[in-house]
Amino acid sequence: MTNSKDFPIKKVCIICAKGTIEDVYAALVMTNGAVMEGIQARLFFTFFGLDAITKSQMKKLKTSTVGNPALRMPGNIPFPTLLGALPGVEAGVSAMMKSQMEKLDIPPVEEFMDLITAGGGEIYACKLAMDMFKLTKEDLCEYVSGVLTIGEFYEMAAGEGTQIIFT
Amino acid sequence: MAQKEFAGQLIDVNEEGYFTNPQQWNREVAAAVAKEEGLDLTDNHYAILEFLRNRYNSGEALSIRSINKSGIVDVKEFYSLFPGAPLKKSTKIAGIPKPSSCI
Chain A
202 MTNSKDFPIK KVCIICAKGT IEDVYAALVM TNGAVMEGIQ ARLFFTFFGL
252 DAITKSQMKK LKTSTVGNPA LRMPGNIPFP TLLGALPGVE AGVSAMMKSQ
302 MEKLDIPPVE EFMDLITAGG GEIYACKLAM DMFKLTKEDL CEYVSGVLTI
352 GEFYEMAAGE GTQIIFT
Chain B
120 MAQKEFAGQL IDVNEEGYFT NPQQWNREVA AAVAKEEGLD LTDNHYAILE
170 FLRNRYNSGE ALSIRSINKS GIVDVKEFYS LFPGAPLKKS TKIAGIPKPS
220 SCI
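Order-wise, the sequence lines are chains A and B.
Mapping of the first sequence onto this note's numbering: residues 202 to 368, in sequence order.
Mapping of the second sequence onto this note's numbering: residues 120 to 222, in sequence order.
Note that these hints are calculated values from the structure, not bench results.
Just to be clear, a hint being listed does not mean it is correct.
[Said to hold, decoys possible] Here are some, though not all, of the chain B residues that point toward chain A, as calculated from beta-carbon distances under 8 angstroms:
#1 160
#2 180
#3 182
#4 183
#5 184
#6 185
#7 187
#8 194
#9 198
#10 203
#11 205
#12 206
#13 217
#14 221
[As the list claims (entries may be wrong)] Derived DSSO-like pairs: lysine-lysine, alpha-carbon spacing no greater than 30 angstroms straight-line:
#15 B:208 - A:206
#16 A:256 - B:195
#17 A:256 - A:304
#18 B:208 - A:304
#19 B:154 - B:195
#20 B:188 - A:211
#21 B:217 - A:219
#22 B:188 - B:208
#23 B:207 - A:212
#24 B:188 - A:299
#25 A:212 - B:217
#26 B:207 - A:299
#27 A:212 - B:195
#28 A:299 - A:263
#29 B:123 - A:206
#30 A:211 - B:154
#31 B:217 - A:338
#32 A:304 - B:195
#33 A:261 - B:195
#34 B:188 - A:261
#35 B:207 - A:206
#36 B:188 - A:206
#37 A:212 - B:208
#38 B:207 - A:304
A virtual CB, placed ideally from N, CA and C, is assigned to each residue, including glycine.
Based on the provided sequences and hints, a complete structural model is requested.
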């Protein structure tokens, strides 16, 4: 029998390709959790996930109110997709999500990235998606260590005990 | 329940080495636990241990964010004071249960 303690996770490379509150936070919580456990952690943002590290967008992340069957109103009432399409509804629901998270002491995106990088975690952006969205390094927040190609990403992931996680 | 001797005192611990009775903690015991973790405690370490114990005693959840907001040290210093898994290590030395927080 192999013991899980004999093969600890030494490094995680986490990829976030979506820009909703829940997608970004899932990646941030996993990355910060790894840093807290003493696991080397690298977080990569690509495609719409780039919003999380783009200065002009990172404070404005939203959760989608259409096409999300798990979304419910207070009292567990199903959230009609048509209602979610009305102007302002997405913003309202997103503000509610954020206030709930603040109550649980979950930090805002920027502060979360500050905690991660202070603990030695590293944050990267995907070059191809940057080119697609016409973004430059200057558009990204200070917590981003660099812009990588997929080849550089795999080089960085090399080593025994590494896990690549696509959220 | 398992017992372990630290600084001449028998301490009740669980299978992971965390104190099951925070009352048995004192500075000398903390220094002995820290030694086992490879750390020599400084005043900064003790300030954090006191902060963690106070927070635990008042029933507040522990998170890496609460350390940052404590005003004692910032997160970077916290990681350098308790290298590796700082929250796990510091709570063990502070004689309080392992934190159950995900952040």
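Hints, one by one, checked against the model:
Because the beta carbon of residue 160 of chain B sits about 19 angstroms from the nearest beta carbon in chain A, more than 8 angstroms, this interface hint is broken. Because the beta carbon of residue 180 of chain B sits about 7 angstroms from the nearest beta carbon in chain A, less than 8 angstroms, this interface hint is met. Interface hint at residue 182 of chain B: satisfied, since its Cβ lies 5 angstroms from the closest Cβ of chain A, which is below the 8 angstroms cut-off. Using the Cβ-Cβ criterion of 8 angstroms, the hint placing residue 183 of chain B at the interface with chain A is satisfied: the shortest such distance is roughly 6 angstroms.
Given hint, residue 184 of chain B at the interface with chain A, holds; its Cβ is 5 angstroms from that chain's nearest Cβ, closer than 8 angstroms. The interface hint given for residue 185 of chain B holds, since its Cβ lies 7 angstroms from the closest Cβ of chain A, which is under the 8 angstroms cut-off. A hinted interface residue such as residue 187 of chain B counts as satisfied when its beta carbon comes closer than 8 angstroms to some beta carbon of chain A; here the least separation is about 7 angstroms, so the hint holds. Hint status for residue 194 of chain B: holds, given a least beta-carbon distance of 4 angstroms to chain A, under 8 angstroms.
Here the hint on residue 198 of chain B is kept, as its CB sits about 5 angstroms from the closest CB of chain A, short of 8 angstroms. With its C-beta approaching chain A no nearer than about 4 angstroms, residue 203 of chain B sits inside the 8 angstroms limit, and its interface hint holds. About 7 angstroms separates the beta-carbon of residue 205 of chain B from the nearest beta-carbon of chain A, less than 8 angstroms, and the hint is met. Given hint, residue 206 of chain B at the interface with chain A, holds; its Cβ is 6 angstroms from that chain's nearest Cβ, closer than 8 angstroms.
Taken as an interface hint, residue 217 of chain B does not check out: its beta carbon lies about 12 angstroms from the nearest beta carbon of chain A, beyond 8 angstroms. Among the interface hints, the one on residue 221 of chain B holds; its C-beta lies about 6 angstroms from the nearest C-beta in chain A, closer than the 8 angstroms criterion. In summary, the hint linking residue 208 of chain B to residue 206 of chain A is supported, as the alpha carbons are separated by about 18 angstroms, within the 30 angstroms threshold. The straight-line distance between the Cα atoms of residue 256 of chain A and residue 195 of chain B is roughly 23 angstroms, inside the 30 angstroms bound, and the hint therefore holds.
Restraint check for residue 256 of chain A and residue 304 of chain A: the C-alpha separation of about 25 angstroms stays at or below 30 angstroms, so the hint holds. A distance of roughly 26 angstroms separates the Cα atoms of residue 208 of chain B and residue 304 of chain A; the hinted pair therefore holds under the 30 angstroms criterion. Taken as a hint, the residue 154 of chain B and residue 195 of chain B pair is honoured in the structure, with Cα atoms around 22 angstroms apart against an allowance of 30 angstroms. Taking the CA atoms of residue 188 of chain B and residue 211 of chain A, the gap is about 29 angstroms. The hint holds against a cut of 30 angstroms.
For a cut-off of 30 angstroms, the pair hint linking residue 217 of chain B to residue 219 of chain A is broken: about 33 angstroms separates their Cα positions. As the CA atoms of residue 188 of chain B and residue 208 of chain B are separated by approximately 19 angstroms, the hinted pair is consistent with the 30 angstroms bound. Of the supplied pair hints, the one linking residue 207 of chain B and residue 212 of chain A holds, its CA atoms being roughly 18 angstroms apart against a limit of 30 angstroms. Between residue 188 of chain B and residue 299 of chain A the CA atoms are separated by roughly 19 angstroms; this keeps the pair inside 30 angstroms, and the hint holds.
The hinted pair formed by residue 212 of chain A and residue 217 of chain B meets the criterion: a straight-line CA distance of about 23 angstroms does not exceed 30 angstroms. This hinted pair checks out: residue 207 of chain B and residue 299 of chain A have alpha carbons roughly 27 angstroms apart, not beyond 30 angstroms. For the proposed pair residue 212 of chain A and residue 195 of chain B, the alpha carbon gap of about 20 angstroms is at most 30 angstroms, so the pair holds. Between residue 299 of chain A and residue 263 of chain A the CA atoms are separated by roughly 9 angstroms; this keeps the pair inside 30 angstroms, and the hint holds.
A threshold of 30 angstroms between alpha carbons decides the hint, and for residue 123 of chain B with residue 206 of chain A the separation of about 23 angstroms falls inside it, so the pair holds. Between the alpha carbons of residue 211 of chain A and residue 154 of chain B the distance comes to roughly 24 angstroms, so the proposed pair stays at or under 30 angstroms and holds. Using a Cα cut-off of 30 angstroms, the hinted pair residue 217 of chain B and residue 338 of chain A is violated, with the two alpha carbons roughly 40 angstroms apart. The straight-line distance between the Cα atoms of residue 304 of chain A and residue 195 of chain B is roughly 24 angstroms, inside the 30 angstroms bound, and the hint therefore holds.
Between residue 261 of chain A and residue 195 of chain B, the direct Cα distance comes to roughly 27 angstroms. Compliance with the 30 angstroms bound is thereby established for this hinted pair. Distance check on the hinted pair: residue 188 of chain B and residue 261 of chain A sit about 24 angstroms apart at the alpha-carbon level, within 30 angstroms; holds. In summary, the hint linking residue 207 of chain B to residue 206 of chain A is supported, as the alpha carbons are separated by about 17 angstroms, within the 30 angstroms threshold. Distance check on the hinted pair: residue 188 of chain B and residue 206 of chain A sit about 33 angstroms apart at the alpha-carbon level, beyond 30 angstroms; violated.
Annotation: proposed proximity of residue 212 of chain A to residue 208 of chain B holds, straight-line Cα distance about 20 angstroms (limit 30 angstroms). Of the supplied pair hints, the one linking residue 207 of chain B and residue 304 of chain A holds, its CA atoms being roughly 23 angstroms apart against a limit of 30 angstroms.
Checked against the numbered hints listed earlier, the structure breaks hints 1, 13, 21, 31 and 36; every other hint is satisfied.
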